[in-house]
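J.: Whole structure, please, built from the sequences with the hints as guidance.
Protein sequences, first through last, are from chains U and D. Numbering (our numbering) for the first sequence: 1 to 421. Numbering (our numbering) for the second sequence: 1 to 417.
Here are the simulated EDC-like pairs of lysine to aspartate or glutamate, each with C-alpha atoms no more than 16 angstroms apart in a straight line:
no. : chain 1 : residue 1 : chain 2 : residue 2
1   : U       : Lys253    : D       : Asp175
2   : U       : Lys253    : U       : Asp314
3   : U       : Lys65     : U       : Glu395
4   : U       : Lys317    : D       : Asp175
5   : U       : Lys232    : D       : Asp341
Hints were generated in silico from the structure; no laboratory data involved. Since the model is a prediction, treat every value here as computed from it, not as a measurement.
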Amino acid sequence: MPGAQGGIDFLLEPYRVLDLTDERGLLAGKILADMGADVLQVEPLGGSPARNVGPFHGDDPQPEKSLFWWAYAANKRSITLNLEQKDGQELLKKLVAKADFLIESFSPGYLEGLGLGYEKLAEINPKLVMVSITPFGQDGPYSNYQATDIVGMALGGFMYLTGDDDRAPVRISFPHFYLHGGAAGATAAMLAHTYRVTSGQGQYVDVSCQQAVAKTLAHAPQIWDIEGAILKRQGVYRQTSGENRVRINWPCKDGYVNYMVQGGTVAYSTRALLDWMKEDKFDTADLDAIDWEKMGYGAITPELMAQLGGPLGDFFKGHTRAELVQGSLDRRILLFPVATPSALQGHPQLEARGYFKEIEHPELGETVQYPGAFIKSGDGRDIAGVYRRPPLIGEHNVQVYQEEMGLSSSELETLKRSGVI
Amino acid sequence: MTAQQETNQTPGPGKPLDGVNVLDFCWVAVGPMTTKYLGEYGATVVRVESVKRPGTLRNAAPFRDGISGINRSGYFASYNANKMGITVDMRHPRARELMLRMAKWAHLVTENFTPGTMESWELGFDQLKEVNPGLVMFSTSMMGRGGPMERQPGFGPVLSSLVGLTNLTGWPDRDPVNPYGAYTDFIVPRFAVAAILAGLDRSRRTGEGVHIDMSQLETTLHFSAPVLLDYAVNNREQARAGNRDPGAAPHGAYLCSGNDRWLAIGCFSDQHWEGLQRTIAPDGKGWPYNPDFATLLSRKANEDELDHLLTDWTSSWEVGALMETLQSAGVPAGMVNDCRDLFEDAQLQHRGHFQWLDHPEIGPYATDTSEMVLSLSPGSLDTPAPLLGEHNSHVLKDLIGLTDEEYKSLEEDGVLE
Chain U
1 MPGAQGGIDF LLEPYRVLDL TDERGLLAGK ILADMGADVL QVEPLGGSPA RNVGPFHGDD
61 PQPEKSLFWW AYAANKRSIT LNLEQKDGQE LLKKLVAKAD FLIESFSPGY LEGLGLGYEK
121 LAEINPKLVM VSITPFGQDG PYSNYQATDI VGMALGGFMY LTGDDDRAPV RISFPHFYLH
181 GGAAGATAAM LAHTYRVTSG QGQYVDVSCQ QAVAKTLAHA PQIWDIEGAI LKRQGVYRQT
241 SGENRVRINW PCKDGYVNYM VQGGTVAYST RALLDWMKED KFDTADLDAI DWEKMGYGAI
301 TPELMAQLGG PLGDFFKGHT RAELVQGSLD RRILLFPVAT PSALQGHPQL EARGYFKEIE
361 HPELGETVQY PGAFIKSGDG RDIAGVYRRP PLIGEHNVQV YQEEMGLSSS ELETLKRSGV
421 I
Chain D
1 MTAQQETNQT PGPGKPLDGV NVLDFCWVAV GPMTTKYLGE YGATVVRVES VKRPGTLRNA
61 APFRDGISGI NRSGYFASYN ANKMGITVDM RHPRARELML RMAKWAHLVT ENFTPGTMES
121 WELGFDQLKE VNPGLVMFST SMMGRGGPME RQPGFGPVLS SLVGLTNLTG WPDRDPVNPY
181 GAYTDFIVPR FAVAAILAGL DRSRRTGEGV HIDMSQLETT LHFSAPVLLD YAVNNREQAR
241 AGNRDPGAAP HGAYLCSGND RWLAIGCFSD QHWEGLQRTI APDGKGWPYN PDFATLLSRK
301 ANEDELDHLL TDWTSSWEVG ALMETLQSAG VPAGMVNDCR DLFEDAQLQH RGHFQWLDHP
361 EIGPYATDTS EMVLSLSPGS LDTPAPLLGE HNSHVLKDLI GLTDEEYKSL EEDGVLE
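T.: Below is the structure:
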């Protein structure tokens with residue numbers, strides 16, 4: 001079991017997860033694995049299709065070198081299993097008998113077609129929590145639609161609100177549609193688990209990635225419901241209400257920073273910036289006179305924004321990103337750099353908290369820096385984290401099938417030769 | 001009567017978090033979205049607010065009929081359904097004692113203040129644990145506790161930039177743009193709920209509480225982990241690419257008829273492309289059959305021209321009709337839904353994504369339900385967001401058992417403000 005590894009005081013150590021997902025659901029099991037669950041990635045022969053997703057180590061497109069796979073399969077163990085053969089189905093059922101969770105991301109109906117739907121698996125293990133992650137859910141008018149990241153980000157309402165207003169809506173260049181569904185899969189698994197703890201019963205959970213994306217839209221749906229207004233994408237601006245918008249993204253001397261003028265409970269940030277501008281000999285008398293403290297969110301009018309834009313833009317252009325970031329930290333101004341990966345590697349806060357973890361890849365003779373735990377204990381102890389490099393294809397077949405399930409070596413050989421593992 | 005006793009009287013299978021009591025100090029969006037899931041799935045969530053310093057969202061548009069008011073924000077109302085609200089002046093000398101009584105009642109305390117705020121009220125985890133050893137406390141902040149930037153104040157819209165997502169969004173020939181809204185605020189809660197429930201699970205098993213500290217920066221980086229690895233091992237800095245994708249062509253949002261209507265299309269395989277070819281030119285003739293577009297590699301090489309020709313074709317189509325037509329030909333295609341479309345989207349309607357609650361000041365308002373359906377113990381949103389201080393009496397008398405005299409004395413002393 002993984003618990004003893006890395007000196008981490010895990011939260012979910014007693015539990016086993018069968019992870020049948022591909023690139024559309026890997027994150028769900030990763031979240032549980034990071035909290036200490038024993039996650040068995042069940043891969044088809046030849047490896048998960050997620051291993052074909054780039055970028056690749058050294059730009060060498062091989063299944064053991066997919067950085068997408070590395071990111072979302074670290075901490076997991078891997079077994080191969082051909083679910084389309086009878087022996088494969090029997091092995092899965094044996095695994096289900098001893099598992100707490102099963103997570104899958106096949107097209108709706110695929111597992112039922114193999115006799116491996118929830119009803120059948122629950123007969124073997126009534127306490128099983130089974131989570132399905134699909135683009136739109138198990139049924140309904142879109143349930144058999146072809147979905148890719150851009151299709152999902154569009155139908156979830158994200159794209160209409162993102163991008164420049166004189167061009168097509170954009171997605172995020174790194175795909176997020178399935179990650180939202182994957183993260184929701186972990187939430188769903190834990191909700192059903194909590195019910196199991198008190199009731200003794202397992203259940204089936206149906207997650208929709210489209211809904212998960214639609215939940216990222218803040219109050220935009222409420223603005224339609226309550227005001228009858230449709231928010232539009234605003235490029236470097238952000239529409240806050242009706243015609244009102246504030247600029248978020250500002251060019252500085254050597255890149256970009258984010259700063260959003262706000263009043264109300266964060267009026268102190270606006271006041272502090274105006275004070276800094278005065279040090280630079282900007283005349284801010286008109287802006288100082290505004291009652292920022294009484295200004296609600298979404299109350300900055302186009303006129304006020306136009307009045308602010310000139311002096312703020314000039315001020316930012318007069319400083320480097322590093323100067324603006326440090327000065328804002330000192331003055332409690334809500335300003336942030338538009339970071340690139342290199343800035344994150346040496347980020348002082350991430351370094352101080354020991355976020356990145358060195359994980360050894362012995363096959364490559366390299367040590368690789370991985371993003372670390374998404375939670376810590378309040379006193380700084382590790383209660384989750386990355387501690388094991390992503391598995392090679394079927395790396396744990398012998399460990400799981402032979403040592404844990406008691407298959408003989410000749411049975412394993414038979415299964416190998418018949419294309420089951 | 002305790003929440004557990006109330007639960008036992010409720011008929012039906014119940015919800016996963018029936019009997020779980022949450023003392024909720026969360027404010028703005030990331031915290032309230034987290035505790036909304038908990039309330040939706042049965043927890044008794046009591047939000048602590050302040051009359052003197054009401055949270056940002058209570059003053060946030062939209063407002064029904066354009067009339068603002070402390071109980072009229074649709075933004076607040078959406079993220080605080082299924083919760084109760086009490087008001088406490090945390091700087092009052094008697095507030096601490098009252099909150100310790102609440103902490104005894106609670107299984108979970110949640111907060112998303114700047115680190116050190118709870119400690120400044122002498123309500124840090126060490127102090128709460130003295131009255132309730134099994135307590136789970138969840139703290140989330142922009143940067144996490146400790147470290148040189150722990151007190152960096154902040155909120156979601158700009159965290160997208162700090163985490164590197166803004167750098168990955170927009171057109172290569174233009175300034176980068178932020179992903180819409182306080183985007184990271186809506187990534188973090190799913191990790192948060194999973195972690196909270198894992199903490200409650202361990203507390204149940206061991207009797208020992210835990211303080212969970214979540215840095216929103218560190219959590220959100222898991223949404224770009226392969227990009228970070230690409231830098232770590234290949235020294236490559238990925239940047240924004242508009243709507244292009246290395247594995248597909250055509251791939252983008254294509255203009256349709258009407259005002260600002262777009263259809264997202266992504267052809268990753270020959271089958272996808274052949275479906276598109278057949279739909280554009282069923283007779284097997286014309287530009288889709290040009291050898292320049294015969295293979296994925298050739299389509300990638302001639303992608304500008306392909307986008308141009310495809311747009312000429314899509315721009316005469318009604319977007320919904322084209323989505324259905326292409327999907328029936330096996331082509332990945334999806335409408336770029338605006339917020340009105342979301343309410344009319346056949347699949348979201350099928351899922352019951354939006355639900356209407358009746359609020360005493362706002363009237364009926366829409367809020368979104370969770371993206372998961374639990375077969376045996378589904379969630380539900382049953383009560384609108386609390387008015388400011390609406391549940392002072394119910395929570396303090398009925399849930400934690402203050403006497404009428406104790407309650408009156410708190411009121412008279414100005415603690416409940």
